[in-house]
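Use the sequences and the hints to build the structure in full.
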Amino acid sequence: MDVQAYLNRIGFTGAVTLSTDTLIDLARLHMYHVPFENLDIHYQQRIDLKMASLYQKIVVRKRGGFCYELNGLFCELLVQLGFNAHMVSARVFTKAKKYSPEFDHMAIWLVLNDISYLVDVGFGDFIIEPLQIIPALIQSNSSGEFVIDA
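Sequential numbering from 189 applies to the sequence shown in the numbering used here.
Some hints could be false.
[As the list claims (entries may be wrong)] Have a look at the derived ranges for each label pair, beta carbon to beta carbon: (1) 234 to 268: 20 to 28 Å; (2) 237 to 329: 24 to 32 Å; (3) 334 to 299: 12 to 20 Å; (4) 276 to 329: 15 to 23 Å.
Simulated from the structure, these hints should not be mistaken for laboratory data. On a predicted model such as this, the values are computed, not experimentally measured, just so you know. Ideal placement from N, C-alpha and C gives every residue a C-beta, glycine not left out.
What follows is the structure, encoded as structure tokens:
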């Protein structure tokens, strides 16, 4: 992966530091520049989750993707920049007040300065900024109010 090309794709021009500010900037810029897109699913195109294929689709061809694609590639970017990040299965709380099935969504768990964060650039406009993983804590940002349920 050409990290600089990826940073250019999302419009990141600052210095990369292992800080909350950089993490927030990276996530926000990714959300603003790389759309959620599930066209390949609707057109029954083959989905290739290998990093090289995701990089070609999202960075080189300037397309979007769905959670496994967007969070998968973004997680790899974070790791290459030095962040302690890994992919995790996630379940979504639905309008019917139920949780979706396991592996229905994929997100990123990141630990920075002994604080765990949920990072998610693959769910449309769900969260623009990472959330601290603290159950029952009400967190507000430009997307609304959020509570993580353990």
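Q: Mind listing which of the numbered hints don't hold for this structure, in increasing order?
A: Violated: none.
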